[in-house]
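According to UniProt numbering, the sequence shown is numbered sequentially starting from 1.
Hints were generated in silico from the structure; no laboratory data involved. Every value quoted in this text rests on a predicted model; they were computed, and no experiment measured them. Keep in mind that the hints are not guaranteed to be accurate.
Claimed, not checked - Now the in silico label distances, taken between C-beta atoms and shown as ranges:
hint, residue 1, residue 2, range
1, Lys-2, Lys-71, 18 to 24 Å
2, Val-9, Phe-82, 35 to 41 Å
3, Thr-37, Asn-16, 31 to 37 Å
4, Ile-11, Ala-89, 26 to 32 Å
5, Met-31, Asn-79, 21 to 27 Å
6, Glu-45, Tyr-73, 20 to 26 Å
7, Lys-71, Ile-11, 29 to 35 Å
8, His-10, Pro-72, 26 to 32 Å
Just so it is clear, CB atoms sit at the ideal spot from N, CA and C, and this is done for glycine as well.
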Amino acid sequence: MKSRTALNVHISLHTNKKQNICSFCGTAFAMKGNLQTHIRRMHSEKSGQCSVCLKTFSDLKVHMRKHTGEKPYVCGTCNAAFTVKRSLAH
């Protein structure tokens, strides 16, 4: 390994040693970068827990469209409707 830190991170992957704990929900991660990604995705202003299925989502507004049936993005060619804009690509 290139450094002592890199070796410790590598070993923690094999020992399931998770020292990086999310202060919001208590989820544990072996690597600090994974914790930071988790916080950015799951605990941003857009994230939240669904009141219908009780799961947590990084973009609750988009998820709620599954429960409401809302499909705000409509293809101008075939009139197919989608919950997210990226689905418009043919």
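Hints, one by one, checked against the model:
At about 49 Å, the CB distance of Lys-2 to Lys-71 disagrees with the hint of 18 to 24 Å. A beta carbon spacing of about 40 Å between Val-9 and Phe-82 agrees with the range 35 to 41 Å that was offered as a hint. About 19 Å separates the C-beta atoms of Thr-37 and Asn-16, a value inconsistent with the hinted range of 31 to 37 Å. Taking the beta carbon of each, Ile-11 and Ala-89 are about 43 Å apart, not inside 26 to 32 Å as hinted.
The hint said 21 to 27 Å for the Cβ distance between Met-31 and Asn-79, and at roughly 45 Å that hint is violated. Distance hint check: the CB atoms of Glu-45 and Tyr-73 are about 22 Å apart, consistent with the given range 20 to 26 Å. Evaluation of the 29 to 35 Å hint for Lys-71 and Ile-11 yields a failure: the beta carbon distance comes to about 48 Å. Separation of His-10 from Pro-72 is about 45 Å and departs from the stated range, judged on CB atoms against 26 to 32 Å.
In terms of the numbered hints stated before, the structure departs from hints 1, 3, 4, 5, 7, 8, listed from lowest to highest.
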